[in-house]
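Chain by chain, the residues run as shown.
Protein chains: 2
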Amino acid sequence: MFTHILAPYDGSKNADRALEKAAEMAKLTGARVTVLTVFRHHSMLEASLSMVRVSDPGRIDDAMREHAAGIVTHAKNMLIEAGVEDVRGFVRSGRPARAINEFAARHGVDLIIVGSRGLGASGDGYLLGSVSHKVTGLSKCPVLVV
Amino acid sequence: MFTHILAPYDGSKNADRALEKAAEMAKLTGARVTVLTVFRHHSMLEASLSMVRVSDPGRIDDAMREHAAGIVTHAKNMLIEAGVEDVRGFVRSGRPARAINEFAARHGVDLIIVGSRGLGASGDGYLLGSVSHKVTGLSKCPVLVV
Numbered sequence: 580m581f582t583h584i585l586a587p588y589d590g591s592k593n594a595d596r597a598l599e600k601a602a603e604m605a606k607l608t609g610a611r612v613t614v615l616t617v618f619r620h621h622s623m624l625e626a627s628l629s630m631v632r633v634s635d636p637g638r639i640d641d642a643m644r645e646h647a648a649g650i651v652t653h654a655k656n657m658l659i660e661a662g663v664e665d666v667r668g669f670v671r672s673g674r675p676a677r678a679i680n681e682f683a684a685r686h687g688v689d690l691i692i693v694g695s696r697g698l699g700a701s702g703d704g705y706l707l708g709s710v711s712h713k714v715t716g717l718s719k720c721p722v723l724v725v
Numbered sequence: 580m581f582t583h584i585l586a587p588y589d590g591s592k593n594a595d596r597a598l599e600k601a602a603e604m605a606k607l608t609g610a611r612v613t614v615l616t617v618f619r620h621h622s623m624l625e626a627s628l629s630m631v632r633v634s635d636p637g638r639i640d641d642a643m644r645e646h647a648a649g650i651v652t653h654a655k656n657m658l659i660e661a662g663v664e665d666v667r668g669f670v671r672s673g674r675p676a677r678a679i680n681e682f683a684a685r686h687g688v689d690l691i692i693v694g695s696r697g698l699g700a701s702g703d704g705y706l707l708g709s710v711s712h713k714v715t716g717l718s719k720c721p722v723l724v725v
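Chains as they are written, first to last, in this note's numbering: chain A, 580 to 725; chain B, 580 to 725.
Be a bit skeptical, because a hint or two may be false.
Heads up, the list lumps identical chains together, so a pair's fine if it works in one copy or across two of them.
Unchecked claim - Each computed BS3-like pair below joins lysine-lysine, with the alpha-carbon atoms no more than 25 angstroms apart: (1) Lys606 / Lys713; (2) Lys713 / Lys592; (3) Lys606 / Lys719; (4) Lys592 / Lys606; (5) Lys655 / Lys592; (6) Lys655 / Lys606.
Because the hints were derived from the structure by calculation, they are not lab data.
Build the full structure now, drawing on both the sequences and the hints.
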């Protein structure tokens, strides 16, 4: 019934629970699971508001991207250990909900599985954040909120 | 992975799509499917705002309950025709999202499957309405928004 599950992942406990459900669902249906971690650009606006100027904002983006890639690898390993056969992982930058839904639309995703609250709920939402509501509202395919 | 699926149903096209997914998921997992239709009481406030006074508001509730029961029966038949073995149906009155989540908590539901938009989206939401957001926000168990 599902062939391509997208699991947006930010490393939070809720995202872990969502990932477990993604693994169960994949084993039940034989679907591929794609892990996606989205980070936000360090914008010029943020830079201008900061008390500390960074001489090279690109380095912050690089650090964010590297951190996000580590999170994706962790999630992929969890899925593989859980017995999922077809696992892929991607990092994107931008607005989380929009990036997730664009990815889903472009890659033939037919189920998105998200945690009900991400890191955003605790005020630390620079990766996924509490975007499950936005994802659900924007999505063209079914969304499982865990 | 799921044993008891709750399918809130209001007869809308989106609810039909959600019901189809509920049938697929039930056949995949062997879960029971419970159909739930919620109608709102004809309140005294509404009665006082109406240009037409109803002498016996209880009769309106009776008519609503009967209509809702017909919708539940329709949904149950759809599920049975789709090959689901364990199908039940209930009618409740009250606030849809709250009634759905209370039912889920009391009856060991481990997955709620709702349409992304109910009749409420077209301004005719006296049964389920556009409550998927509220259900998702309040639910203690996973919610699949179709």
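Comparing the hints with the structure gives:
no., hint, result
1, Lys606 / Lys713, "neither (27 angstroms within a copy, 30 angstroms between copies)"
2, Lys713 / Lys592, "both (19 angstroms within a copy, 22 angstroms between copies)"
3, Lys606 / Lys719, "both (23 angstroms within a copy, 24 angstroms between copies)"
4, Lys592 / Lys606, "within (21 angstroms within a copy, 30 angstroms between copies)"
5, Lys655 / Lys592, "within (16 angstroms within a copy, 37 angstroms between copies)"
6, Lys655 / Lys606, "within (15 angstroms within a copy, 28 angstroms between copies)"
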